[in-house]
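Listed in order, the protein sequences are those of chains A and B. Our numbering puts the first sequence at residues 761 to 1100. Our numbering puts the second sequence at residues 14 to 321.
If you are wondering where the hints come from, they were derived from the structure by calculation, not from laboratory data.
Using 25 Å as the maximum straight-line C-alpha spacing, the simulated PhoX-like pairs for lysine-lysine come out as follows: (1) A:K825 x B:K139; (2) A:K825 x B:K137; (3) B:K84 x B:K283; (4) B:K84 x B:K20; (5) A:K992 x A:K1007; (6) B:K139 x B:K215.
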Amino acid sequence: MPENQNFNPEDGLQMSKVRAGKVSKYKIDHYVAPLEETPLQAVDSVKETGKPLSMWAEAWRSLRKQPLFIISAIMILAVIVVAAFPQLFTSIDPNGQNACQLEYSNEPGRPGHIMGFNLQGCDVYARVIYGTRASLLVGVFTTLIVVILGGALGALAGFYGGWIDAILARLGDIFFALPLILGAIIVMQLPAFRENRSVWTVIVTLAIFGWPQLARITRGAVIEARDADYVKASRALGLSKFKSLVKHVLPNSLAPIIVVATVNLGVYIVAEATLSFLGVGLPGEVMSWGNDISLAQQQLRSNPMMLMWPALFLSVTVLSFIMLGDAVRDALDPKARKGA
Amino acid sequence: MLSFMLKRIAQLIPVFIGATLLVYFLVFATPGNPIEALSGGKPMSDATRAALEAQYNLDKPFWVQYGLYLKNLLTFDLGTSFSGQEVSAMLGRAFPVTARLAILALLIEGIFGIIFGVIAGMRKGKWFDSTILIASLIVIAVPTFVLGFVLQFVVGVKLDLVKPTVSGSATWGELFLPALVLGLVSLAYVVRLTRTSVIENKSADFVRTATAKGLSRRRVITVHILRNSLIPVVTFLGADLGGLMGGAIVTEGIFNVPGVGHLLYQAIQKGETPTVVAVVGVLVIVFVVANLVVDMLYALLDPRIRYA
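Excised from the complex, chain A in its bound form (with noise of 0.2 Å):
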């Protein structure tokens, strides 16, 4: 019976592999060539120096070679230099007592000010380059917690299975059930939420709602790996289940995990941008693009590109984290790379 209450990408594509009968329950590390098909001057001729490239090692240098990849870590390292720093970027300080003149309000562009000005008067290329701490803050510390509390529970789910695996299945059904955004506007308005209304209130609230998806996509994979031969060989070695559970079949999870994480980082700063634009998420007087766009969004007919700046720099922000989850999933898995 397939399993289909979450919706992921991979596992229908996982599924249409099986059918296929194209992937192997355990995971091959040495591709040996068919005799047949393969001269035998060939066969003999395989190196045997030097120690086989772990995984990582092997998906790293797949990795520096990928353009996509390059172009991507660029683009997230500027935007995490320009949350770090804002300063370096603009002489302006947007929270500064002259940083808003309303004799400005809604002019276009001019040398010093390329962005223009907001209905407020306020230098709009200012508050773009120091609205984007709000929004990588959020971004990266839901990641964080989804990780840690998802990956735990469907790890733990995954590996020991039984009751603990059960209420976890009922407990993701529940929440995949509520979308992310209908839950978090409800949870916003709870008055722990809505009285301390703050970077980390958003990040509570998307990581209550985004662990679920973490936990099945864990559990999926630490089950794939929890039957392995080499984890047989550690339990028999002495190992205690957990242990070789955190030694060796956690490692061996970890790919899955890594690129979802990746592409959700980039959900997540979408969802805060849309909880602000309705009204529900960061209070006003934090700067962060989902404001902006959100208060561009009233001056739409007379002043369009008031709105375009801060969605420009979300959405290229959004994108590098989706080119960098796509350009990884790509090298950890070695089938795609050889070029389906």
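Please arrange chain B on chain A, whose structure you already have, making use of the hints.
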């Protein structure tokens, strides 16, 4: 097949109870005494307040309130909103609008997504494929509400091709642009899924056999490759229906569509427990039923999948 369906429907019950309980609890804990919202902040005598609290069961503990709600639900009584409207009547007005919106969005993403995905997959590495890949990445990265505003501004205001907002009757024609915005992100996912799936299948043995026995390219693509590539796509579309209903909150806000999302957003802000829980309950049912339909479709697409 029948026992499988019954089993799935039985699975629906704990999910439904869990989700409504969760939402009921969250909205229950939300501040702002609804009675005060009802009186508009004006002073009210204690007797009136007590009578109103009794009317909406607000004087009872949480579990009793939820129990009463479930009991009423079994008799198809969804309760009344604090403004005195029957929730079922409000839902009856709003639901068909959102259903039209979601069906249109699903059609757009299904039809265009599969067509573009098949063409891109069959011409892997050519310009059409690369364009589709880049375009889909961009669509995924831009937030839906930005896409919504930009399309509304460009198509609705500047070019004046369609009305930028939707009227109370929300006809199919008026809903096309909102549906496009709602479905665009999923469209990008459908294209990419279909493309990957087609690339995987086009070198399969059965495709070679079909070509070898002299079938036309058209028939090989539509019957042999496409049918075998549809399972992940159908899975996605089924799971996406629930997401579309949730995404409707944003889209309906932008285009002023009088649908479920609009109703829900207002009810959440007013703390109207019966309305919020009723709407979320309907969304949960739609989501689970859509997944059930997907499971049925599996057997149709791939006769090797049987439900014993």
